[in-house]
Amino acid sequence: DAKTTQPTSMDCAEGRAANLPCNHSTISGNEYVYWYRQIHSQGPQYIIHGLKNNETNEMASLIITEDRKSSTLILPHATLRDTAVYYCIVRVGSNDYKLSFGAGTTVTVRA
Amino acid sequence: GAVVSQHPSWVICKSGTSVKIECRSLDFQATTMFWYRQFPKQSLMLMATSNEGSKATYEQGVEKDKFLINHASLTLSTLTVTSAHPEDSSFYICSASSRVNEAFFGQGTRLTVV
Chain L
810 DAKTTQPTSM DCAEGRAANL PCNHSTISGN EYVYWYRQIH SQGPQYIIHG
860 LKNNETNEMA SLIITEDRKS STLILPHATL RDTAVYYCIV RVGSNDYKLS
910 FGAGTTVTVR A
Chain Z
7 GAVVSQHPSW VICKSGTSVK IECRSLDFQA TTMFWYRQFP KQSLMLMATS
57 NEGSKATYEQ GVEKDKFLIN HASLTLSTLT VTSAHPEDSS FYICSASSRV
107 NEAFFGQGTR LTVV
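In order, the protein sequences belong to chains L and Z. If you're matching positions, the first sequence starts at 810 in my numbering and goes up one per residue. If you're matching positions, the second sequence starts at 7 in my numbering and goes up one per residue.
Where hints are given, some of them may not hold.
Keeping only pairs whose Cα atoms sit at most 30 Å apart, straight-line, the calculated BS3-like set for lysine-lysine is [claimed, not checked]:
hint, chain 1, residue 1, chain 2, residue 2
1, Z, K47, L, K878
2, L, K907, L, K878
3, L, K907, L, K812
4, Z, K47, L, K812
5, Z, K70, Z, K20
6, L, K907, Z, K61
Example chain L residues on the side facing chain Z (calculated, C-beta under 8 Å, incomplete) [unchecked claim]:
hint, residue
7, G824
8, K907
9, L908
10, S909
11, F910
12, A912
Please keep in mind that the hints were generated in silico from the structure rather than gathered at the bench. All figures in this text were calculated on a predicted structure; none of them were measured in a lab. Beta carbons are placed, not taken as given, at the ideal position from N, Cα and C, and that holds for glycine.
With these hints in hand, go ahead and build the complete structure from the sequences.
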């Protein structure tokens with residue numbers, strides 16, 4: 810699976826949009842971009858995933874660049890409960906759901 | 007989303023004893039489950055892949071005789087930490103997949119060996 814690069818940490822204001830970048834310059838054509846988050850002392854939570862097109866669900870939006878070498882996770886209205894470590898993971902879609910976690914981005918939402 | 011439950015949420019045990027952690031998929035069948043370990047201020051590290059009805063596949067550096075994994079049914083996988091020592095103290099997390107593109111994680115088990 811391709812490697813990803815994320816900023817170590819970022820702060821954002823409550824109620825504002827949080828834009829989390831991820832670089833995956835070596836991504837292959839059959840690899841998906843996944844985002845998970847981990848709130849302190851809990852298991853990771855699935856957020857969203859995409860292949861080429863932008864995706865949106867009730868939690869977030871995922872914007873993937875045309876060359877697919879980078880992506881941005883957008884939390885439209887950050888709340889204090891969104892404070893967590895966010896992981897961007899690239900993997901080939903298959904039934905073998907093995908995930909390799911990097912260091913992620915520690916997001917702190919401030920009132 | 008689907009629910010994956012781990013039990014216990016936390017456990018304290020004496021050095022030299024064994025501890026069993028259960029991972030259950032409550033509303034779906036999981037042919038494959040994964041076990042991760044997370045030390046403080048570090049990311050999740052995959053320990054092993056658990057396949058129903060067959061032997062687990064361990065990642066490099068993980069002792070299979072120390073971390074016994076059993077996946078006896080499509081809804082249950084267990085991780086037993088044998089002869090636990092303080093350095094085994096960690097946060098253990100399982101995950102299971104019900105479909106191709108999503109995996110769901112348990113809430114984790116905090117193991118403290120004293």
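* Below or equal to 30 Å on CA atoms is what counts here, so check Z:K47 against L:K878. => holds (28 Å)
* To do: Mind checking the CB of L:L908 against every CB in chain Z and telling me if the closest is under 8 Å?
  => Status holds, d = 6 Å.
* Within a Cα-Cα threshold of 30 Å, do L:K907 and Z:K61 meet the stated pairing? -> holds (16 Å)
* Under the criterion of a CB-CB separation shorter than 8 Å, is L:S909 in contact with chain Z as hinted? -> It holds, given that the least Cβ distance between L:S909 and chain Z is near 7 Å, below 8 Å.
* Taken at face value, is the distance from the CA of L:K812 to the CA of Z:K47 at most 30 Å? -> Distance of about 20 Å is within 30 Å: holds.
* Any CB of chain Z closer than 8 Å to the CB of L:A912? -> holds (6 Å)
* For the pair we were handed, L:K907 and L:K812, check the Cα-Cα distance against 30 Å. => holds (14 Å)
* Asked: Is the Cα-Cα distance between Z:K70 and Z:K20 30 Å or less?
  -> holds (21 Å)
* To do: With chain Z as the partner, please determine if L:G824 meets the hint condition of a C-beta pair closer than 8 Å.
  => violated (26 Å)
* To do: May I ask you to test the interface hint for L:K907 with respect to chain Z, counting a Cβ-Cβ separation under 8 Å as satisfied?
  => At about 6 Å, which falls below the 8 Å cut-off, the nearest Cβ of chain Z leaves the hint on L:K907 intact, so it holds.
* Are the Cα positions of L:K907 and L:K878 separated by 30 Å at most? -> holds (22 Å)
* Double-check L:F910 for me: the hint is only fine if its C-beta lies closer than 8 Å to a C-beta in chain Z. => For L:F910, the interface hint holds, since the closest Cβ of chain Z sits about 4 Å away, which is under 8 Å.
Figure legend: structure checked against the earlier numbered hints; the only hint not met is number 7.
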